Amino acid sequence: MDKKQISAVLKKNAMLIVLVLVYLFFLILTKGGIFKPSSFTELINQNAYVYILGAGMLMCMLTGGNIDLSCGAFVCLLGAFGGVFMIVQGLGTGVSILLLMLIGIVYGVILGYLIAYVHIPPWIATLAGYLAFRGWGTSILSSNSKTGSLAPFPVDFQNIFYGRVFQTEKGVFNVPCFVFGLAMAALVALIVFMTRKNRLRKGYEADSMQAAAIKSGLGAAVIILVMTKLSFDGGIPTTLLWVAGIVLVYSFITSKTTIGRHFYVVGGNMEAARLSGVNTRRIMFLAYLNMAVLTAIATFTVIARSQSAYADVGKNFEMDAISACVVGGVSASGGAGSVLGMVIGATLIGVINLGMSLISLDANYQRVVKGFVLLAAVVFDILSKKREK
Amino acid sequence: MAKILLEMKNITKTFPGVKALDNVNLQVEEGEIHALVGENGAGKSTLMNVLSGIYPYGTYEGDIIYNGQVCKFTNIKDSEKLGIVIIHQELALVPEMTIGENMYLGNECGHKYAINWNKTYSEADKYLKMVGLEESSKVQVKTIGTGKQQLVEIAKALAKKAKLLILDEPTSSLNEEDSRALLDLMLSFKKQGMTMIIITHKLNEVSYVADKITVIRDGATIETIDNHGKEPVSEERIIKGMVGREITNRFPKRENVKVGPVRMEVNHWTVHHPLYPERKVVDDVSMYVRQGEVVGIYGLMGAGRTELAMSIFGQSYGVNFSGELKLDGKPVKMRKSEADAIKHKIAYVTEDRKGNGLVLSQSIKVNTSLANLKAISSNTVIDGDKEYAVAEEYRDKLKIKTPSVEQLVGNLSGGNQQKVLLAKWMFAEPDILLLDEPTRGIDVGAKYEIYCIINDLAAAGKCVVLISSELPEVLGMSDRIYIMNEAKFVGEMKAEEATQENIMAAILRSGRGA
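Keeping their order, the protein sequence lines are chains V and F. The letter at position 218 of the first sequence is residue 218 when you use the working numbering, and the numbering goes up by one with no holes. Numbers given in the working numbering equal positions in the second sequence, counted from 1, plus 389.
Keep in mind that the hints were calculated from the coordinates and are not lab data. As the structure is a prediction and not an experimental result, all values here were calculated from the model. Positions of the beta carbon are idealized from the N, C-alpha and C atoms, including for glycine. Misleading hints may appear alongside valid ones.
What the hints assert, rightly or not - Listed below are the simulated DMTMM-like cross-link pairs for lysine to aspartate or glutamate, each with C-alpha atoms no more than 25 Å apart in a straight line:
hint, chain 1, residue 1, chain 2, residue 2
1, V, K256, F, D772
2, F, K550, F, D452
3, V, K4, F, E795
4, F, K725, V, E271
To be verified - Beyond 10 Å from chain V on every Cβ pair, some chain F residues (computed):
hint, residue
5, D411
6, S434
7, G447
8, L482
9, K550
10, L572
11, K579
12, R606
13, D774
I would like the entire structure built from these sequences, with the hints used as guidance.
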């Protein structure tokens with residue numbers, strides 16, 4: 001590899017490198033605390049909502065830098081409804097989940113219709129929800145509970161969204177968890193090499209043997225590391241499965257399907273997309289419907305973890321999701337960005353959050369740091385793109 | 390001889406790679422109406438931009454002598470100070486503001502920090518009366534029609550104490566009646582001693598108002614014709630100057646032209662403007678295209694060609710459609726949907742490749758497959774390898790110069806972008822291709838290659854509709870030519886009978902008749 005290639009690879013993976021550096025920085029600062037098994041579980045559980053909402057926000061942003069301001073407040077409202085269904089009314093977990101999903105779909109349909117067919121600018125359409133939902137949710141909570149919060153959610157609900165698979169005692173090495181990790185790592189390596197072989201067989205450009213080895217090696221190593229840590233901390237959190245599932249599904253949609261392609265071209269040039277036969281309105285509609293459905297799923301992971309629904313739940317979630325996308329290189333004007341980028345962005349924010357709370361930095365300073373990291377990431381991104389031209 | 394108010398001497402203006410103006414001379418006498426005519430891209434607007442200081446002194450060669458003084462304008466304010474005011478083709482009014490606010494925009498009257506609204510509105514009303522507008526200057530611009538907005542622009546220029554008024558295609562968006570009123574207004578200004586330069590494509594207007602006519606072609610002054618004779622200068626005379634260029638072998642020959650049955654037919658097609666639904670942008674147009682035929686549609690800018698093509702393509706432009714579309718002899722009820730048009734094997738290759746043709750931030754590959762993703766996917770899952778192969782195939786076929794089909798389209802030259810745009814629509818496998826200005830803004834070599842592609846398409850049995858405002862292109866490429874002017878078809882001729890002169894004549898006849 002010559003210098004040019006190396007610098008291209010560095011540029012392409014700049015945010016990943018930043019993530020590693022920040023991690024190392026906190027590794028030293030926390031004297032290894034961030035490398036403990038419990039930190040891994042914490043990182044996943046604490047940030048699950050960022051990944052899930054980030055996937056939805058990514059789809060919205062792809063259509064032209066559009067955002068959803070209402071998702072955080074909608075988490076609060078759905079949480080309140082969930083509390084009423086499961087705790088006050090005592091409805092079954094399955095029924096409650098279905099009802100909450102249905103509410104999500106109804107909101108998504110209304111929002112999508114207003115944005116795609118009535119042409120209300122997205123930030124205005126979602127600002128209404130941002131203003132209304134938390135008030136509505138809080139009033140539901142306070143009329144059902146003296147303390148203003150509803151708790152606890154049923155155990156089976158918690159098991160689905162905040163439980164463990166292959167559960168064992170903490171500190172005991174969890175063999176099935178580790179084996180599962182090995183299997184996943186092997187699968188990743190296999191997929192990388194199969195793709196390469198396939199492309200070569202058909203005579204297309206493919207990664208060099210080196211590149212494929214590095215790619216699969218790194219991927220497998222990260223998976224094995226995480227799973228080893230988790231197998232010392234009681235097993236695989238179900239949140240991880242939800243997050244991984246959503247990330248994989250949306251990676252597939254955005255990179256491999258026609259509908260995903262449509263999201264990119266609508267954001268890249270809406271008129272060109274329309275004149276190429278893309279139903280641009282439907283894409284806008286789907287972006288916001290999808291966002292509302294994912295908000296419902298994010299709500300489940302959040303209220304299962306906190307075990308209660310309360311007025312402040314979901315506060316600033318929309319900003320976290322937007323930050324994850326922006327830090328992850330999703331274009332603020334639409335048409336560019338990837339799920340993998342968003343995952344790296346969300347993880348970076350998660351690592352910074354966790355690191356700062358491990359060294360017990362003042363909460364106000366934490367916000368200051370987050371603000372500057374966001375700005376730095378975007379400046380860095382724009383500058384590196386400028387140089388390409 | 391009257392005093393010469395303005396003289397532009399040996400003006401040369403070069404843009405990177407192009408000489409837009411080459412030793413252009415222009416003399417305007419005080420108190421006359423001077424018409425500037427020429428084809429699209431001849432350099433008329435560039436010349437006026439030099440005059441008004443939009444291209445500042447130093448970026449061009451030559452001298453501007455105004456009122457006996459050599460002028461060195463660095464911006465538009467400098468020229469306006471001397472009373473040179475330009476009214477651009479696109480109206481530059483803010484619709485939400487009042488007429489008065491618009492007239493004094495950037496030229497507010499009052500003290501340093503506060504605007505004197507009473508003075509503004511009373512002055513504005515005075516100028517509005519001069520242009521014959523009865524509206525109060527306190528109404529919002531958006532509430533008055535285009536014709537009146539044009540008058541507001543003129544009142545605005547008067548408010549700037551204009552001595553030399555430049556009107557760039559002032560009637561291009563006006564109907565017959567408003568146009569005539571505007572021209573008469575110009576004549577009455579002339580009586581009051583105002584000097585004016587008018588740029589226009591409508592030659593009947595030229596002979597009606599102009600005292601002198603300067604013809605510009607390919608960035609050079611061809612001649613200045615005096616219109617003071619007993620007979621007004623004939624339009625044929627002006628045309629000769631405008632199009633006097635020799636057509637050399639710029640178009641590839643088509644061999645063995647085999648024209649088949651009629652594939653597409655449009656009858657009594659009428660389309661209205663989406664914002665001004667009372668205005669017809671396509672008016673009772675009927676046409677047909679045979680298999681393997683290249684049909685040219687010639688018309689000046691704003692004639693309604695793009696509107697016609699886009700309305701056929703899934704009604705992607707306009708409102709209140711009427712008329713009939715027949716494909717292979719069968720009437721087609723098409724919904725307002727581009728996807729529907731593609732399904733019916735119609736393709737529209739847009740004239741504005743950057744604006745609404747290509748996704749510049751995406752790769753050649755993505756752009757190539759965009760209109761026919763179905764062909765490279767199964768159950769909505771894209772076969773990446775197949776897509777790559779398709780992009781490679783078209784890259785070879787159309788000789789798109791690029792290191793890789795993963796290259797972003799935004800990084801390509803205009804000619805190569807145009808090829809990607811064509812590749813996209815060829816891959817959609819249409820039977821009917823509506824090509825809107827397919828060679829706009831690309832160099833001669835790339836043009837020739839595009840012409841070859843068009844011929845190949847026709848040879849393969851496709852129906853090609855070639856829309857162009859370049860006469861030589863239409864003449865060189867088409868089997869049959871429709872002539873469009875002011876939303877109507879005003880002539881149809883076979884390639885053998887068509888000449889530049891009789892095409893222009895058809896346009897003029899229609900202008901006179903209306």
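The hints, checked one at a time:
no.	hint	verdict
1	V:K256 x F:D772	8 Å, holds
2	F:K550 x F:D452	24 Å, holds
3	V:K4 x F:E795	18 Å, holds
4	F:K725 x V:E271	15 Å, holds
5	D411	32 Å, holds
6	S434	25 Å, holds
7	G447	28 Å, holds
8	L482	24 Å, holds
9	K550	41 Å, holds
10	L572	36 Å, holds
11	K579	43 Å, holds
12	R606	34 Å, holds
13	D774	6 Å, violated
Checked against the numbered hints listed earlier, the structure breaks hint 13 alone; every other hint is satisfied.
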